[in-house]
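Number of protein chains: 2
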Amino acid sequence: MMSTPSTEAIEVNGRRYARPAAPVVVVCVDGCEPDYITQAIRAGVVPYLERMLAQGSSLIGDCVVPSFTNPNNISIVTGVPPAVHGISGNFFYDVENGREVMMNDPSYLRAPTLLAAFATAGARVAVVTAKDKLRTLLGHGLKGICFSAEKADQATLADGGIEQVPALVRKPVPSVYSADLSEFVFAAGVKLMQAHRPDLMYLSTTDYVQHKCAPGTAEANAFYAMMDGYLAQLDAMGAVIGLTADHGMSPKTDAGGQPQVIYLQQQLDAALGEGRARVILPITDPYVVHHGALGSFATVYLPDARTTASAQAAIAALPGIEAVLSREDAAHRFELPPDRIGDLVVVSDHLTVIGTRAALHDLSGLTVPLRSHGGVSEQKIPLLFNRPLRALPPTRRLRNFDVFDLALNHAEPPR
Amino acid sequence: MMSTPSTEAIEVNGRRYARPAAPVVVVCVDGCEPDYITQAIRAGVVPYLERMLAQGSSLIGDCVVPSFTNPNNISIVTGVPPAVHGISGNFFYDVENGREVMMNDPSYLRAPTLLAAFATAGARVAVVTAKDKLRTLLGHGLKGICFSAEKADQATLADGGIEQVPALVRKPVPSVYSADLSEFVFAAGVKLMQAHRPDLMYLSTTDYVQHKCAPGTAEANAFYAMMDGYLAQLDAMGAVIGLTADHGMSPKTDAGGQPQVIYLQQQLDAALGEGRARVILPITDPYVVHHGALGSFATVYLPDARTTASAQAAIAALPGIEAVLSREDAAHRFELPPDRIGDLVVVSDHLTVIGTRAALHDLSGLTVPLRSHGGVSEQKIPLLFNRPLRALPPTRRLRNFDVFDLALNHAEPPR
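The listed protein sequences correspond, in order, to chains H and F. Each residue of the first sequence is one higher than the last, beginning at 1 in UniProt numbering. Each residue of the second sequence is one higher than the last, beginning at 1 in UniProt numbering.
The reader is advised that the hints may include incorrect statements.
Heads up, the list lumps identical chains together, so a pair's fine if it works in one copy or across two of them.
Claimed, not checked - Simulated crosslink set (SDA-like; lysine to any residue; CA at most 25 Å straight-line):
no.	residue 1	residue 2
1	K212	G44
2	K143	L168
3	K191	R357
4	K143	R51
5	K212	A54
6	K191	A117
7	K171	A54
8	K133	G14
9	K212	V45
10	K131	R333
11	K212	L302
12	K212	A222
13	K212	Q266
14	K131	Q266
15	K212	R51
No lab work stands behind these hints, which were simulated from the structure alone.
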């Protein structure tokens, strides 16, 4: 059911999307390394997912590198890589003005979202995100419902297209650091489907659980069992469901559980001289100095080509480094905007993270062995649908930002 | 205690090893992705390992690629990569004679083992391996004890330096496909330490459990809890313990648990014409067509340079492929013997394995989601010691085949 009778496909960022015949719900499960689902199925705690995959489709795709939340959520809702939409991380370094620039503001978006385009074309669109910091980017230009679980009580008709969300969801606003924050997203999705039956809905969770718990452990399985119940309800209401992830998740420790950190600023200060290189960790949110803020991706700004070359060699020699690419090579390989990455892009391996200086990372908050993401090792993500897909060439490289294309253009319609 | 009074270091394959002051036990835990230990510690089921790491050392190192059992076990006991010792997998293709050649026979070994060298120099040496197929390689030239758990009842004084092993271990000979096979190795190690107090002992398990169970699951934790008890006994007897792995382990499925297989022979037959390429899977044991026989490493033999180039491009374009290297590049990067790999070396990603033709792989035996190894994604392995290590440069790239060097030359002696 569309609000307008038009059946024309909608074109956004060079891709065409069919209008949905049934409500389409795309779920981005933050940090969903595919094995979380495999193990939950094996443990027998996700009967709906098991049925969904038996009747639907299960594929593996690649997320965007850096395998961080913001670049990937924005890729999913724009259908294009960061080279096009511009959001390559949480921030970049503005060399001319000598300052670190946050990219959480929509002014840094270089492409419209397909959500906004569908809404403009008359579709009913709803977006629920766990953390509020993603809300303004996801909701940019959107005439529809858009709110965060974190600030669900602050959503207004004017600002979020909805009000009194906690009353609708019948849950209190959860803590920002909890599994409940993601549960609120799913619960809100079900209530919105019952109350508003949006044509297009995007639900985006937080990886609080995945950062702490390995696939197949009791806590991880409990999270997926929770999710399973809500997905079953959305399916029962006739929704076409597409599930993917912003990125995977790996342990980033030695066998004893101690974080394996390369303090890259320290290393470069030692190799090149104090302060000649500037290491930027795009996972960091500078407004809150996170305990940790450790991921497997960094970008490095350097004063000149010669220093860049010697830094590249020095970094490549460090145990735990997987790749050190020039700006050009990184922009090409990872489809990143060259003006928003440094002279070098550094990726660490699946058990290693990159920090700046030891003194700037407070690891005392890590109460369990560090698990994180950001690198190529967390690039594989699930693409799951509760419908068979048709007309999909087997050699096509699938991305998480194909999920709307697959759900709208390739999923078989409900019988 | 050495059988001879000599205190000279022993030189093997260009490396010097100090004679042990206390018994040194090196354990190779087959398929021990580091997270198995992290999760077992978190679950509180391995109190000795927790204590061992608190008092000793925990490092991460790289195994040999292909991350398979034989090349890595042989690297560990020779202290050198396959480029030197020659065992690059279970078999290679003899182009001149047009036949696939097994490398389980010691005649293919190009370097002596350090175990044999120590024994020749008068040390008491004991080796226990889970599967018998590794026994003849590990025991080559060794004047000491060497037997497999699989055929423990067949060990003789003439052949294995010991007899009546089941009576010594007080356990029946276990099934070759069981966790018990590895437990027998540890139990035998403890009994040998009590009865013979070898100067040098090498214990090598099988990855039956790791192929089936993810880190942190109940069955995996039970395996490590079993191991923990035996390690505690070896420690209590004064042994210096070094623990490493032949390779890691990854899920090789989509989120639904279906194996992700690239049938490379089929792909090349389609791209180049039937039978022009020959795909070799060095994980396979040709005497028993394993159910599965699927790993993340293959080598391809091609008729000429032009076909090689076009095959390289065709393979690189397949989703799930991580690297396609020429013989020269692969030999250089992975330190492999060029005459025992094909014209191309193919590595698949952490969720993907390589097969030949679908019809040649019987997957019906996979009762649980496939987990396997062979690629770069399974290269990280733990290096654990029950002693602090000294004089170890922080930038040194550590390998699993450094484990004897670290235990003999860098571990602090018992107080």
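Cross-check of the supplied hints:
Proximity of K212 to G44 under the C-alpha cut-off of 25 Å is found in both arrangements, the shortest distances being 21 Å within a copy and 16 Å between copies. In this assembly of identical chains, K143 and L168 lie within 25 Å of each other by CA distance solely inside one copy; the values are 20 Å within and 78 Å between copies. With identical chains, the CA atoms of K191 and R357 are never at most 25 Å apart, being 46 Å at best within one copy and 49 Å at best between copies. When the C-alpha separation of K143 and R51 is checked against a cutoff of 25 Å, the pair qualifies neither within a copy, at 35 Å, nor between copies, at 59 Å.
In this homomeric assembly, K212 and A54 come within 25 Å of each other (Cα to Cα) only across copies, at 22 Å, whereas the closest approach inside a single copy is 29 Å. Taking CA atoms no more than 25 Å apart as the test, K191 paired with A117 passes inside one copy only; the shortest distance there is 24 Å, against 72 Å between copies. Proximity of K171 to A54 under the C-alpha cut-off of 25 Å is found in neither arrangement, the shortest distances being 32 Å within a copy and 44 Å between copies. Taking CA atoms no more than 25 Å apart as the test, K133 paired with G14 passes in neither setting, with 27 Å inside one copy and 57 Å between copies.
With identical chains, the CA atoms of K212 and V45 are at most 25 Å apart both within one copy (19 Å) and between copies (18 Å). In this assembly of identical chains, the alpha carbons of K131 and R333 never lie at most 25 Å apart, being 29 Å within a copy and 43 Å across copies at closest. In the homo-oligomer, the alpha carbons of K212 and L302 never lie at most 25 Å apart, since the shortest distance is 35 Å inside one protomer and 47 Å across protomers. Taking the closest pair of Cα atoms, K212 and A222 come within 25 Å of each other both inside a single copy (13 Å) and across two copies (21 Å).
Taking the shortest Cα distances, K212 and Q266 never come within 25 Å of each other, neither inside one copy (27 Å) nor across copies (41 Å). In this assembly of identical chains, the alpha carbons of K131 and Q266 never lie at most 25 Å apart, being 32 Å within a copy and 47 Å across copies at closest. Taking the shortest alpha-carbon separations for K212 and R51, only the inter-copy value of 23 Å comes in at or below 25 Å, while the best intra-copy value is 28 Å.
In summary, the structure is inconsistent with hints 3, 4, 7, 8, 10, 11, 13 and 14 from the numbered list given earlier, while agreeing with the others.
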